[in-house]
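Turn these sequences into a full structure, and let the hints guide you.
Numbering (the working numbering), first residue to last: 1 to 251.
Think of the hints as simulated: they come from the structure by calculation, not from any bench.
Accuracy of the hints is not assured; some may be wrong.
[As the list claims (entries may be wrong)] Subject to a maximum C-alpha distance of 25 angstroms in a straight line, what follows is the list of computed DSS-like cross-link-like pairs (lysine-lysine):
1. 145 - 132
2. 145 - 157
3. 3 - 14
4. 163 - 97
5. 145 - 14
6. 154 - 70
7. 154 - 132
8. 44 - 3
9. 3 - 70
10. 47 - 250
11. 96 - 249
12. 3 - 96
13. 210 - 157
14. 132 - 96
15. 210 - 176
16. 157 - 132
17. 3 - 16
18. 210 - 132
19. 154 - 97
20. 47 - 249
21. 70 - 145
22. 16 - 96
23. 3 - 97
24. 210 - 97
25. 16 - 97
26. 176 - 70
27. 145 - 176
28. 250 - 96
29. 3 - 249
30. 145 - 163
31. 70 - 16
32. 132 - 70
33. 14 - 70
34. 176 - 163
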Amino acid sequence: MTKISDISYGIDAKQKIDLYLQDFSAPLVFYVHGGGWWQGDKEKDLKVFQALFQAGFSVASTNYRLADEKHLYPTQLDDTRSALTFLINSDYQFNKKNISLFGASSGANISVSLSIETGFPTVSWSGQFDFKGFLATHTAIAGRKAADNPDPDKGSKMASYYKWILERLFNGDLSKVDQATLQHQITPATGSILLVNSAAELAPIEEVYKMQSAYIENGLEVSTLIFPGDRHALAYADDALPVTIDFLKKH
1 MTKISDISYG IDAKQKIDLY LQDFSAPLVF YVHGGGWWQG DKEKDLKVFQ
51 ALFQAGFSVA STNYRLADEK HLYPTQLDDT RSALTFLINS DYQFNKKNIS
101 LFGASSGANI SVSLSIETGF PTVSWSGQFD FKGFLATHTA IAGRKAADNP
151 DPDKGSKMAS YYKWILERLF NGDLSKVDQA TLQHQITPAT GSILLVNSAA
201 ELAPIEEVYK MQSAYIENGL EVSTLIFPGD RHALAYADDA LPVTIDFLKK
251 H
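Next up, the structure:
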């Protein structure tokens, strides 16, 4: 394995990519980390990269400017798009005719957005998609960071944290919410998808079913894997990786 760290695709310190390259022109999995848009790093999901590499893929993992008052949505999507475009136009050796996208949690919203734009197949682990619908149906819930919320009810605590994430991401500018609400943006040109989720986790299961319906309505291939319980994204990695790798190998 050849690892190339901190490749710059922009001028900001966060605009960096790590590449894990096979010694042949392998298919590339372009990975987008999660963290609620406000935290996370391109190196934190190394276990996933190792599994993908062992399965014969080259892997790219990108950082992007995290959400704060200066970097509201769609900064994170714009950065990730720039990173993908940079790699496609670069001289790095991978199969540029065989690129797949893969995102976890908030990273899945970004990877699916790019799949809508590019037609590349994508894997979503615990993606959050229906921001407009969530905000419309949770007006009475106060957004609170999970670590600051003493609520003993796990479900309401997760909903409160989800709302806090969205309030931070958009800073009250609801004109951007439609752009990040994805089920209505699916077209016949969107890439196929594997949707993975738990039944009672941070990413609402209803949003998975809305996305599934949108793909079916557009005649697209969609596979869905739902685990029992409340494990979120990387928490079910051991169980999800075999199905994920199988999906990626077929596309």
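**Hint check, failures only** = The structure breaks hints 4, 6, 9, 14, 19, 24; every other hint is satisfied.
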